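Residues per chain are reported as follows:
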Amino acid sequence: MKPLLFTLKAEPDQRLDLSPLTPDRLVGRSAKEIEAIAIGTTRLPVKVGDVFKVKLGEATSVRFDGGSDRFDLLGAKLLPGFEIHVEGDVGAQLGRAAKGGTITVAGDAGPYAASQSAGANIDIYGDAGDFLGAPLAGEIPGMSGGRVIVRGSVGARAGDRLRRGIIIVEGDAGEDLGSRAIAGTIIVLGTAAGERIGYLNKRATIVLSEQRELGPTYVDCGAHNLGFAKLFAKSLAPESRGAARLLSSRLQRFAGDTAVFGKGEVLLPA
Amino acid sequence: MPQLIRKGIRIDESFAEAFPMTGSGVVVTAPTRKWAMQAATTMTGYATSVIGCDCEAGIDCELSPRETPDGRPGVRVLLFGFSPKSVEKALVNRIGQCVLTCPGSAVFSAFDGEAKIKVGDSMRQFGDKWQTSKAIDGRRYWRVPVMDGEFLVESSVGLTKKSVGGGNLLIMGEDWAKTMRATEAAVDAVHATPDAIAPFPGGVVRSGSKVGSKYKGMGASTNDAYCPTLRGATDSALDADIGCVLEIVIDGLTSDAVSAAMRAGIKAIVALGPKNGAKRVGAGNYGGKLGPFHYHLKDLV
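Chains F and U are the protein sequences, given in the same order. Sequential numbering of the first sequence, starting at 6, is according to the numbering used here. Sequential numbering of the second sequence, starting at 6, is according to the numbering used here.
Here chain U stands alone, though its shape is the one from the complex (with noise of 0.2 Å):
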C-alpha cells in the first residue's frame, strides 16, 4: 500500500468509509460533577455499535456551569442510530430508564436540529398527572415529581439527519503496550474535538470485523488482515514489525466534525512519534461502495 511518511509513522493512502445517520444529544445536569458525569456514563452504556445496540452513543464533552441552561454541572451527550424512529425509541428508553433515575439529573436539548424528538413529552406520564410544564424564551419543560425534588426535562430535543457514523483510524504498532499509548493519546484529541464522539469502550475498538464469514448467516466477522497472530497465515495488511492493531471509530453530528475529529487523532498519534507509539495509521472502508463518506488519511495530516 502506498504511504507517506510523517515524523517516522507510516500513514496509508487508505480512506475511512463511513455512512450518513440520523444524530441527537441531550445535555444532562446535575447538583454536582459527580452525579451529571453518573448519569451521562449509565445512559451511554451498551451503546457501540447498531449492529448490536439500539443505538451509538457517547459523552461529547463536559460542561460547566456556566455552559449549561440550568447553571449546574452538565455533561454533553451524543446518540446516533439509523432513523429518526429509532434514535427516538432510544433516546426516550435511555432517558427513562438512566437519567429519570439519576438523583438530580435534569435534561436539556443538546442543539436545536432541523426537525424534534419528543423526550420529556413522552415522559411526563410518568408523573401520573402531577407533572407540570413551564415554557421559558419559547422551549417548553416538563417538572416531574420525583423522591429527591423534581425531574425537569425538555419537552423535545433537536435532530440531525445530517449525521456521520464510521469514521475510523486503524492505529498499528509493535507492541499492545505502545499501540495503546497512541490510541490513548488519538481518544483524547477526539474526545477535545466538539460534536464528535468514539462510542467503543474507552473509545478505542479492538475487534475490528469485516463484511461477511465463512459461517452461514453471519454477515460480519474477524478483520483477519488485520489480525496480527494471523500474519504469516492469511492474506494480511500487516508488517513485519506490527504486533498490535486498534481501531477508533468516530461519530459525528456533520461530517466535518468527523474529519475534525480523525484529523486531531492523527495528529496526535503524530506527535507521540513511532518510537513508544504507532509505528503505522490506517483506516478501514469497504472499497468505496457502501458509504457516501470517504475520508482520506492523505487529506487529513
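Just chain F, same shape as in the assembly (with noise of 0.2 Å):
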C-alpha cells in the first residue's frame, strides 16, 4: 500500500510546525481532518490543506513529496514502528525527541536535526546543519539512542551532549565535533574542522578517518584492534560500509577529554 502524501503545493511564506504530522498522530484521520490541522507559527494562520495537497494511504508511513528549509520540526516525537520520508528539504529540529520510527530525508536538513532523539533511524540524504543531535538551550542530554547518518556534510557543534546512540558522518564536520559528549559513538568519514574535537568528552567515542592533531588534553594510549569496533562494523556495514570499513581497521587511540572525565576517546586510523 503506498504511503499517505503530503505534496507541496507552493513554498511555504512562513516557518512551518510539522510536529502534528507524524503518522502515529494520523492513523484513522481523514483528509479533512488533516486539511484542517494548524501548522502556522505566526500570527497568520496556515492549515495542512493551504500547503498540502493530502492523498490518504497506509497508515505508518508518511511521505512529503517537496520540501523546504521551512519545515521545522518535522518527525517530532516520532513512535517506534512509523516511517517518514521527505523528498526534498528540511528545517530545523528535524525528528525532534522522536522514540522511534525510521525518517528519510532526501535533502538537507536545518540546525539541531535529530535533537534529543532517543530512538529513531535517521537517514539525511544531502546535509545537515549546526547542533546535529544537540539539546536546545537549557537541556542537559543531547541526542539518547538511535542512529543518526548525514550522508553529506554537518555544520558545527555536531553531537553535542550526545548521551547514547550513534550519528555517523560520510562527510565533513564543522567545529567542535563531539563538544561536551556524555557517552554514545560520532563517526565521521570525512575532515574535522578546527582544533577542539571532543572539547569536554566525558565517555563518548569519536572516529575519525584521517589522522590529526588533538587537543592537549588528549593522551595517545597506542594502536588496537578494538572487539567492540569490528560489532559496529558488522552492525554498520548495510547502512555505511565507509563506517563499516573504518572500523574494521585498527585504531589508534586517544583517551580524553581529560580536562572533565577523560573515559572518552578519538580513535584515528594508525
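Hints were generated in silico from the structure; no laboratory data involved. From a predicted model like this one, the values you see are computed outputs, not experimental measurements. Any given hint might turn out to be false.
To be verified - List time: in silico BS3-like cross-link candidates among lysine-lysine, alpha-carbon distance up to 27 Å:
{"hint": "1", "chain 1": "F", "residue 1": "Lys207", "chain 2": "U", "residue 2": "Lys123"}
{"hint": "2", "chain 1": "F", "residue 1": "Lys235", "chain 2": "U", "residue 2": "Lys121"}
{"hint": "3", "chain 1": "F", "residue 1": "Lys239", "chain 2": "U", "residue 2": "Lys121"}
{"hint": "4", "chain 1": "U", "residue 1": "Lys39", "chain 2": "F", "residue 2": "Lys235"}
{"hint": "5", "chain 1": "U", "residue 1": "Lys183", "chain 2": "U", "residue 2": "Lys303"}
{"hint": "6", "chain 1": "U", "residue 1": "Lys94", "chain 2": "U", "residue 2": "Lys183"}
{"hint": "7", "chain 1": "U", "residue 1": "Lys123", "chain 2": "F", "residue 2": "Lys235"}
As the list claims (entries may be wrong) - Listed below are several chain F residues computed to face chain U (Cβ distance under 8 Å; list not exhaustive):
{"hint": "8", "residue": "Arg169"}
{"hint": "9", "residue": "Arg201"}
{"hint": "10", "residue": "Lys207"}
{"hint": "11", "residue": "Arg208"}
{"hint": "12", "residue": "Phe237"}
{"hint": "13", "residue": "Lys239"}
For each residue, glycine too, the CB sits at the ideal point set by N, CA and C.
Take the two lone chains and join them into the complex the hints point to.
Okay, here's the thing in C-alpha cells:
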C-alpha cells in the first residue's frame, strides 16, 4: 500500500511546525481532518490544506513530496514502527525527541536535526546544519538513542551533549565535533574542522577517518584492534560501508577529554 | 524386559526420566580457534553433575567466524542448573575465572530466552572504573580494559526455564572396547545435535548411580543392577553377553533437543551394529515418579 502523501503546493510563506504530521498522530483521520490541522507559526493561520495536497494511504507511513527549509519539527516525537520520507529539504529540529521509527530526508536538514532523539533511525542524504543531535538551550542531555546517518556534511557542534546512540557523518564535520558529549558514538568519514574535537567529552567515542592533531587534553594510548569496533562494523555495514571499513581497521586510541572525565576516546586510523 | 531388535541390537522398552532445569548459554570468541576452545573448555570444567558441581555445562558446538557476533572463531557453551539463581552464580563465577582470564576472549549471549541474567553487568567492576559500555543494535556490551587489550562482554545473557536435564542412554556391550566404540559414535551424534550437551567426561559416564545406599546419609550409590562384575551376585539387569555398560547423560535447552539428541545417539549405535559395537541399549529411570519428562526408547528408534 502507498504511504499517506503530502504534496507541497508552493513554498510556504512562513516557517511551519510539522510536528502534528507524524504517522502515529494521523492514524484513523480523514483527509479533511488532516487538511484542517493548523501548522502555522505566526499570527497568520496556516492549515495543512493551504500548503499540501493530502492523499490518504497506509497508516504507518507518511511521505512528503517536495520539501522546504521552512519545514520545522518534522517527525518530532515519532513513535517506533512508523516511518516518514521527505523528498526534499527540511528545516530545524528534524526528528526532535523522536522515540523511534525511521525518517529519511532526500535533501538537506537544518540545525538541531535529531535533537534529543531517543531511538529513531534518521537518514539525511544531503547536509545537516549545526547542532546535530544536540539539546536545545537549557536542556541537559542531547540525543539519547537511535542512529543518525548524514550522507553529506554537518555544521558545527554535531553530537553536542550526545548521551547514547550513533551519529555517522559520511562527509565533513564543522568545528567542535562531539562537544560536551556524555557517551555514545560519533563517526566522521570526511574531515573534522577546528582544534577542539571532543571538547569536554566525558565517555563518548569519536572515530575520525584521518590522522590529525588533537587538543592537549587527549592522551595517546596506542594502536589497537578493538573488539567493540568490529561489532559496530558488522552492525553498520549494511548502512554505511565506509564506516564499517573504518571501524574494522586498526585504530589509534586517544583517551580524553582529560579536562573532564577522561573516559571518552578519539579513535584515528593507525 | 521386553525389547525391540534393530539390526541385531536389542533396544529395551524402557524410558529415560528427565527433570526440568534452568539453562543458559554463551558464545565465547577469541582471535583463534585454539583460544576460543581453550576458554570454553576451561569454563566447562568440573561441571558434570549438579549433585556435586555448581552446574552442568558443556560445549554445544564450534562456530565459524561468520556465525559469531564479532566475526572471530567461537564456541557455543551451554550451562544448566536447578534454579535461575544458581545458574547466574555459576555462569558469572565461571566467566570471571575462566573466560575473563583467557587471552583474547569475548563473551556474547547465545540465545535470548525468557529472562536475562546479568553477566557483563556483574563483571564490569573488574575494570576499576575504566570500563565503558557500548550499546549496539539494542544490546549492551562492557569493554573492560585488560592486559592484552579489552575484554568485551555482553551485559546480560539469555536464560530459559524450559530446559531439560537427565536424558540418557545406557549402552551395553560385550567388552569395554566395543561398548566404547558404540558410545563414542553416539556421543559424536549428540554433539552434532543443536541445543544439547553431554556434560560428563568426553560425554560419557561409567558410574551410573541408583537412589539410596546401604550407608546412612548417602543419597546415591553405584547402580549394582548394571555392574557387570556383580551380574551373578545381585539382582542384575544384565544379560549373559554383557560385559560393560556406559551411559550418556544429555541436557538440552528444550525437551525436543533432548529427544533429538537421544534419537541421534541410538541411530549412531544401531548403524555401528552389534558385532563391533553395542549389543543392547537401555535407559535409566526412577520408575517415572520423580521426573516429568519421559523419553521412551521405542519412540526414538
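To see whether the hints hold, each was checked on the structure:
A C-alpha spacing of about 25 Å is found between Lys207/F and Lys123/U, which places the hinted pair at or below 27 Å, so the restraint holds. For the hint linking Lys235/F to Lys121/U, the alpha-carbon distance of about 24 Å falls within 27 Å, and the restraint holds. A distance of roughly 24 Å separates the Cα atoms of Lys239/F and Lys121/U; the hinted pair therefore holds under the 27 Å criterion. Annotation: proposed proximity of Lys39/U to Lys235/F holds, straight-line Cα distance about 20 Å (limit 27 Å).
For the hint linking Lys183/U to Lys303/U, the alpha-carbon distance of about 23 Å falls within 27 Å, and the restraint holds. Taking the CA atoms of Lys94/U and Lys183/U, the gap is about 40 Å. The hint is violated against a cut of 27 Å. Taken as a hint, the Lys123/U and Lys235/F pair is honoured in the structure, with Cα atoms around 23 Å apart against an allowance of 27 Å. Hint on Arg169/F holds. Least Cβ distance to chain U is approximately 6 Å, under the 8 Å limit.
Restraint check, Arg201/F versus chain U: the minimum CB separation of about 22 Å is more than 8 Å; hint violated. Taking 8 Å as the C-beta contact cut-off toward chain U, the hint placing Lys207/F at the interface is violated, the least distance being around 10 Å. Nearest Cβ of chain U to the Cβ of Arg208/F: about 6 Å, under the 8 Å cut. The hint holds. At about 6 Å, the closest approach between the beta carbon of Phe237/F and any beta carbon in chain U falls short of 8 Å, and the interface hint on this residue holds.
The beta carbon of Lys239/F comes within 6 Å of a beta carbon in chain U, closer than 8 Å, and the hint placing it at the interface holds.
The structure is inconsistent with the numbered hints 6, 9, 10, although it conforms to all the rest.
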